[in-house]
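Per UniProt numbering, the sequence shown starts with residue 1, numbered consecutively.
Everything labelled a hint here was simulated from the structure, so no lab data went into it. Errors might be hidden in some of the hints.
Claimed, not checked - Result set (DSS-like, lysine-lysine): computed pairs, CA atoms no more than 27 Å apart in a straight line:
1) K69 with K218
2) K183 with K32
3) K168 with K32
4) K183 with K235
5) K58 with K123
6) K58 with K235
7) K125 with K33
8) K33 with K168
9) K168 with K218
10) K69 with K32
11) K235 with K168
The structure displayed is predicted, hence computed values, not measured ones.
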Amino acid sequence: MEGINEKEESEQGPGPGSVELGRWTEIQDTLKKRVITVDDFPWRLPSPPSESQQQQLKYVGGVDVSFSKEDPSMACGSLVVLDLLHDLRLVYREFTCVRLDIPYVPGFLAFREAPILVNLLEKMKKEANPFYPQVLMVDGNGLLHPRGFGLASHLGVIADIPTIGIGKNLHHVDGLTRSGLRKLLEDEENRSSGIITLRGNSGFIWGAAMRSNQGSLKPVFVSIGHRVSLETAIKIVNMTCKFRVPEPIRQADIRSREHLRELKLKCPSDAIDKWHCDRSVHSALMANNHRAPSLLTCSVYHNLTTECPSPWRLRLCITRVHTSSEVWSIACMLARNAREVHFM
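Could you build the full structure based on these sequences and the hints that come with them?
Here's what the structure looks like:
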């Protein structure tokens with residue numbers, strides 16, 4: 001049985017059918033063939049100041065998906081970018097909140113979380129943001145996975161970006177177990193070592209356990225994601241660690257949880273529980289941090305613009321006026337083709 005992390009344990013629900021799992025397995029097998037396990041990037045790790053900074057790794061990203069405790073279907077994806085050459089200064093952050101109906105299935109976390117994270121990266125790339133990460137740390141495993149293709153590898157292949165997998169708990173694979181790891185961590189020969197290679201019974205190296213403090217029994221687990229070797233991944237993680245968890249992941253996690261708390265204050269859980277609206281409207285509400293009472297009314301009008309002559313740009317204006325649920329249902333139906341949503 002594979003190990004799962006704390007976040008995954010709290011988000012399990014009814015799984016998909018065998019047909020869907022079969023399709024996911026086929027997709028994993030296809031994408032896995034595209035994983036690159038050696039260094040494949042144009043930059044170098046930071047070295048003496050005399051070298052041009054343009055050739056050095058500077059922007060390290062971190063991604064995480066957090067879930068609301070009150071509403072487990074409410075997910076907040078977070079992307080942060082830190083400047084490695086300036087004391088890990090935060091230079092970029094972005095969030096997206098969505099409602100997920102895909103359950104967590106052990107071994108298939110990417111099918112639940114990867115689309116959220118891909119959208120964040122695509123948005124940044126589309127804007128030609130100068131802080132686009134040169135390498136991305138993912139709160140999830142890469143090769144250290146029962147099928148050898150975890151979220152970090154999945155995301156790296158799809159987004160075509162160098163990725164590093166960061167796990168907080170050990171996957172049980174190829175003879176690697178938590179009890180066995182604990183013995184290694186407690187072994188006198190390893191007590192002073194910050195890095196323990198995770199070699200399975202087959203002889204394959206799945207990743208490395210890294211601890212920030214000598215003698216610590218709570219390491220993080222580093223594995224190849226895509227286009228970064230394990231040796232380089234370990235070096236980058238070391239450069240970005242202030243605490244147990246590397247800073248890009250820690251910041252992404254902290255800020256996604258903060259964002260969820262802010263949304264909870266602006267949108268009480270009792271109102272969220274009463275939402276039965278179209279996903280496009282719900283996403284727009286969350287993106288605009290708008291308080292959404294259970295009963296709303298709306299006015300809808302069309303506007304021809306030179307930028308979007310066809311189809312007509314549909315603008316949905318929502319006001320906080322109590323009215324019948326039928327009106328809200330109509331608004332949700334119309335919003336399926338909405339290009340803009342405005343709130344009043």
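Hints that the structure is at odds with (numbers, increasing): Violated: hints 2 and 10.
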